[in-house]
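As a plain string of letters, each chain reads:
There are 2 protein chains.
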Amino acid sequence: MESFFSFLEKRVDDCSSLLCIGLDPHVNDLSAPTAASARDFCLNLVKQTSRYAAAFKPNAAFFEVFGADGWIALKEVIAAIQEESHRMGSMIPVILDAKRGDIASTAEAYAKSAFEMLGAHCITLSPYLGKDSVDPFIQISEKGVFLLCKTSNPGSGDLQDLVVTMDNRPQTVVNGQYSASTMSSSVYLYEHVAKLAQQWNTKNNIGLVVGATHVEATKRVRAAAPDLWFLAPGVGAQGGELESALKAGLRKDGKGMLIPVSRAIARAEKPGLAAAELRDQIGYIKMQLNREGR
Amino acid sequence: MESFFSFLEKRVDDCSSLLCIGLDPHVNDLSAPTAASARDFCLNLVKQTSRYAAAFKPNAAFFEVFGADGWIALKEVIAAIQEESHRMGSMIPVILDAKRGDIASTAEAYAKSAFEMLGAHCITLSPYLGKDSVDPFIQISEKGVFLLCKTSNPGSGDLQDLVVTMDNRPQTVVNGQYSASTMSSSVYLYEHVAKLAQQWNTKNNIGLVVGATHVEATKRVRAAAPDLWFLAPGVGAQGGELESALKAGLRKDGKGMLIPVSRAIARAEKPGLAAAELRDQIGYIKMQLNREGR
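Taken in order, these protein sequences are the chains called R and S.
So the first sequence is numbered by my numbering: it starts at 1 and just counts up by one.
So the second sequence is numbered by my numbering: it starts at 1 and just counts up by one.
Derived by calculation from the structure, the hints in this document are not laboratory data.
Note that the structure is a prediction, hence the values are computed from the model and not measured.
Any given hint might turn out to be false.
Same chains, same label: a pair holds when it works inside one copy or across any pair of copies.
Said to hold, decoys possible - Mimicking SDA-like on lysine to any residue, the simulated pairs with C-alpha atoms at most 20 angstroms apart in a straight line are:
(1) K195 <-> D135
(2) K75 <-> A274
(3) K270 <-> V215
(4) K112 <-> Q199
(5) K195 <-> A32
(6) K10 <-> S141
(7) K219 <-> D69
(8) K219 <-> E76
(9) K247 <-> F115
(10) K286 <-> W200
(11) K131 <-> S152
(12) K131 <-> G157
(13) K195 <-> D69
(14) K252 <-> E9
(15) K219 <-> S37
(16) K252 <-> R220
(17) K195 <-> H86
(18) K75 <-> D132
(19) K247 <-> E84
(20) K255 <-> G155
(21) K203 <-> A264
(22) K286 <-> E76
(23) K75 <-> A104
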């Protein structure tokens, strides 16, 4: 049985891209403030950028704001991505950016809504409620989650940068001394979330949201979770930012990082061209990092 | 301008109740697995229990699972609560249990969806993204939020019980010694969330979700946030649990705690009677606590 991240990696290979096209039909970008207009905005973006998309990421909020009509539009957009995938002969994963998080039968209902009702392959979740709130979303290995870890917003530090102390009770005493590894240790809350996610990822379907704006944090998260895929928002069209983010976060195999971009592509005169350029820019930076022996 | 919690307190006085009726149309409890059936299930509950309801709390997940039809049903249920309120001459607040959490324009869209599109008065949110993710929901004082603090599920400890160290840089040195209050201090993550919420609550529209199952945690949260309202899930029909939870969490004015109950009422033979009994049980415990001089 295929896992979500082996599915994603297949697509990454097919299109030589780490670009995740954000579908954010913000009302200001629409020709009219209607669900139909939000749908058409997204369908146009999908059509123009699908060749360069390792994944698409519709943002649930911008559909929910139109109520029931918004949900119909969201479902149509996801169906259109499936059709486009079949047409190209390469399936493009859909990551529903919904940042849900609840427990037990409520979490099961959200999972059913995202994966069965809407047809998404992956969803973003908050980790605040703990492992049992994630479980209902990762039962089937083909379906995946990205857990919020270190987010790109200024207020992310309020909780995520808190220093948490792990009370590692001494397990071994060598020559009357506790060995260093069993002493209590301190990490940032977001690092702890990364470590938990790495442990929980037994089916290759858990990734992390790590803001590309936080280069030092990205390095720490990569150290804490060497295997996981990151969804790294916050990159503009600026090469410098992109380079330092990729350097900090890429895995040794040159994968492990999806770069979501929304407005810089959607608002470009030619979204397809903007996506192609960003894909190539990422590819060029990867090649340089590879030459430098990373 | 009225604040959300002054609105809630007016209703609490009107119905002498701290009961929050959960509207959880779980598919197993429905006559058919359809949105119409979910709607009818809720409309019946609203009709039978409105006299005893300090608030109603529809759970978004059980509507979303029906897609667009579920959203229409949810909107109809909220509209029916408004009608019932007008009929009784006492407005009942609607708390949308949606556990959202996102940033900037995305958070604004979620707020618009909950408050304008659906007509809810309050929403549950995850605090993991920090203050700027809460701001779009608390701009208007009449609209409120309950932030997840210490939740009732077993996995709540994974993050919420972590010990965070606050680096309080010494501000005063007395006789060459740091005064105790300025040294670094440790609290549970959920306590820190409670302290932040108490600070952020400048418009009387921020409350906390604190599981009634965690009595010690409830005491700590009450100490950290003396003024705030708690939404305290996890109480069954057992008086003992209810008593210790109320003792730990009620404010000195005998308010400050909403007790959400879903299945114990919805699955009762006579939901109205079950709600009346729970309301009276809470009232009796409050009276006893009052006699004991609390």
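Unsatisfied constraints (hint numbers, rising): 2, 3, 4, 5, 7, 8, 9, 10, 13, 15, 17, 18, 19, 20, 21, 22 and 23
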